[in-house]
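The whole structure should be built from the sequences, with the hints applied where relevant.
Chains A and B, in that order, give the protein sequences. When the count follows my numbering, it moves up by one through the first sequence with no breaks and lands on 322 for the last residue. When the count follows my numbering, it moves up by one through the second sequence with no breaks and lands on 121 for the last residue.
Please keep in mind that the hints were generated in silico from the structure rather than gathered at the bench. Mixed in with the good hints there might be a few duds.
[Stated by the list, open to error] Below, in silico cross-link-like pairs of lysine-lysine (DSS-like), each with a Cα-Cα straight-line distance of 30 Å or less:
| id | chain 1 | residue 1 | chain 2 | residue 2 |
| --- | --- | --- | --- | --- |
| 1 | B | Lys112 | A | Lys160 |
| 2 | B | Lys79 | A | Lys160 |
| 3 | B | Lys41 | A | Lys113 |
| 4 | B | Lys79 | A | Lys79 |
| 5 | B | Lys83 | A | Lys113 |
| 6 | B | Lys57 | A | Lys113 |
| 7 | B | Lys79 | A | Lys147 |
| 8 | B | Lys112 | A | Lys113 |
| 9 | B | Lys79 | A | Lys113 |
[What the hints assert, rightly or not] Distance ranges between label pairs, derived from CB positions:
| id | chain 1 | residue 1 | chain 2 | residue 2 | range |
| --- | --- | --- | --- | --- | --- |
| 10 | B | Lys79 | A | Pro225 | 21 to 27 Å |
| 11 | A | Ile87 | B | Ser38 | 47 to 53 Å |
| 12 | B | Asn50 | A | Lys242 | 40 to 46 Å |
| 13 | A | Lys125 | B | Lys57 | 53 to 59 Å |
| 14 | A | Gly281 | B | Arg67 | 20 to 26 Å |
| 15 | A | Lys86 | B | Thr40 | 16 to 22 Å |
| 16 | A | Lys125 | B | Ser38 | 51 to 57 Å |
| 17 | B | Ser38 | A | Lys130 | 56 to 62 Å |
| 18 | A | Gly171 | B | Gln52 | 48 to 54 Å |
Note that CB positions come from ideal geometry on N, CA and C, so glycine has one too.
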Amino acid sequence: MKDHNYIKHNHDTDGIDRRGFLKCMAWAGTGVLWTVSGGVLASKTLAEISNAGSSLKATDLSFLQISDSHIGFNKAANKDVTETFKIALDRINAMPTPPSFLIHTGDITQLSKPEEFDTFDQILKSCRTKDVFYVPGEHDVLNDGGKMYRERYLKNVQGKGSGWYSFSKNGVHFIGLVNVLDLQAGGLGQIGDEQLVWLEDDVKGLGADTPIVVFAHIPLWTVYPQWGWGTSDSERALGYLKRFGSVTVLNGHIHQVLQKIEGNVTFHTAMSTAFPQPAPGTAQSPGPMTVPAEKLRSLLGLTSVQYKQGNTALAVVDSNLS
Amino acid sequence: MNTLNYRTKIAAILCAVSSVSLFASAGEMANTGTAGASETKIEIKDFAFNPQTITVKSGDKITWINRDEEPHTVVNVEKQFKKSSALDTDQQFTVTAGAPGTYSYYCSVHPKMTGTIIVKG
Chain A
1 MKDHNYIKHN HDTDGIDRRG FLKCMAWAGT GVLWTVSGGV LASKTLAEIS NAGSSLKATD
61 LSFLQISDSH IGFNKAANKD VTETFKIALD RINAMPTPPS FLIHTGDITQ LSKPEEFDTF
121 DQILKSCRTK DVFYVPGEHD VLNDGGKMYR ERYLKNVQGK GSGWYSFSKN GVHFIGLVNV
181 LDLQAGGLGQ IGDEQLVWLE DDVKGLGADT PIVVFAHIPL WTVYPQWGWG TSDSERALGY
241 LKRFGSVTVL NGHIHQVLQK IEGNVTFHTA MSTAFPQPAP GTAQSPGPMT VPAEKLRSLL
301 GLTSVQYKQG NTALAVVDSN LS
Chain B
1 MNTLNYRTKI AAILCAVSSV SLFASAGEMA NTGTAGASET KIEIKDFAFN PQTITVKSGD
61 KITWINRDEE PHTVVNVEKQ FKKSSALDTD QQFTVTAGAP GTYSYYCSVH PKMTGTIIVK
121 G
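Written out as structure tokens, the structure reads:
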């Protein structure tokens, strides 16, 4: 028996609970924008977004999430992950309004090899947007607890502990968390006590109207624990963020778009630029999913996020590489 | 599965490369007599150790082989034997069973994957 309890559809006629507390989880279509304002979920097409993007004011902000590049992977699910990563960067370079910066939510490499990191860095040079903020995936910290990863990718941030940090841009507070290290037998992703204590302190002085963006590799909500798709102590982390009016949580790891909105928190996972993985519970294991060649690029992609001052939530838009 | 043929083709090359280096760094629970020792294989497939529980004699060799397209590790919970490096597809890791007892291990990349080794004297 497959367990499909992870999906909780709202069966109201318009799919929206207008009474404030909105708890829904659905497959988000590619190229569709989700915004939440006053508990109302609305969607727009990608075309409308690109118009909206051109009218961003100086106080507004747009950034881009890329994830799960898996440089070094060369199996049937995608024999040329460097090529699809390049295509993703081409898409970024072609945007009418370039993003202010990129966020990479982990699994840069397949096997944490220096040459895989080198290839990634080399390809990334073609990207017009130069500022990149990273959090590691489990594939980036395989043999050395993340030492090499930190030396390469945390040079420009004040990384604490195993590499977590925060920064502010245009009034939005960003928090990069590490939840792929010191994992316990039988368990899920883990933030750990030291990092949680830091998080509580990090947000203490912020006003409740400060928009918060949290990014980490493994989802910070329980997507499908049977496959390890969740973080054991994420509840505690989210507890520290409860008082904020707008919290956007961006994750990777599961190589597909899933979204859940709970109160003021929007959880969102991004597509990979390397290969897709099966929907929760639909396969024997969460390993790489091989699809017909002509379909592959429709299942790879990136995520654009826009913040407009005065709006309660950030707009999160996925677009694929086809 | 359409990936099996591909795996078969590359299996020979990878095994040849990996077994040398991994045996060199193979962990040991302890060094004990090897008279009558045998080797038990554990296949890593679909994010699981198969068989999940094995019973061996002290001095026996235990070899894991990764049949997934995803890297996995073998890490003893109590750190009584050396952990493997990340095993890519078709790579192996071998330890020699030491003192009698029950040893729990897991994949540190995918900690939902757990296994048990029971060593008899």
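For each hint, the structure was consulted:
Between B:Lys112 and A:Lys160 the alpha-carbon distance is near 27 Å, which keeps this suggested pair within the 30 Å criterion. Only pairs whose Cα atoms come within 30 Å are accepted, and B:Lys79 paired with A:Lys160 is accepted, the gap being roughly 27 Å. Between B:Lys41 and A:Lys113 the alpha-carbon distance is near 27 Å, which keeps this suggested pair within the 30 Å criterion. As the CA atoms of B:Lys79 and A:Lys79 are separated by approximately 36 Å, the hinted pair breaks the 30 Å bound.
A distance of roughly 18 Å separates the Cα atoms of B:Lys83 and A:Lys113; the hinted pair therefore holds under the 30 Å criterion. For the hint pairing B:Lys57 with A:Lys113, the CA-to-CA distance comes to about 36 Å; that exceeds 30 Å, so the pair is violated. With a C-alpha separation of about 21 Å, the suggested pairing of B:Lys79 with A:Lys147 holds against the 30 Å cut-off. Simply put, B:Lys112 and A:Lys113 have alpha-carbon atoms about 24 Å apart, close enough for the 30 Å limit, and the pair holds.
Note on B:Lys79 and A:Lys113: the hinted pairing holds, with a Cα-Cα distance of about 25 Å set against a maximum of 30 Å. Our hint of 21 to 27 Å for B:Lys79 and A:Pro225 holds, since their Cβ atoms are close to 26 Å apart. At roughly 51 Å, the beta-carbon separation of A:Ile87 and B:Ser38 lies within the given 47 to 53 Å, and the hint holds. One distance hint, 40 to 46 Å for the beta-carbon pair B:Asn50 and A:Lys242, holds here, with the actual separation near 43 Å.
The beta-carbon spacing between A:Lys125 and B:Lys57, approximately 56 Å, falls within the hinted interval of 53 to 59 Å. The hint said 20 to 26 Å for the Cβ distance between A:Gly281 and B:Arg67, and at roughly 22 Å that hint holds. Between A:Lys86 and B:Thr40 the beta carbons are some 45 Å apart, a value that contradicts the proposed interval 16 to 22 Å. Taken as a hint, the range 51 to 57 Å holds for the pair A:Lys125 and B:Ser38, whose Cβ atoms sit roughly 53 Å apart.
A C-beta distance of roughly 58 Å is found between B:Ser38 and A:Lys130, which places it inside the suggested range of 56 to 62 Å. Restraint check, A:Gly171 to B:Gln52: a C-beta distance of roughly 51 Å satisfies the suggested window 48 to 54 Å.
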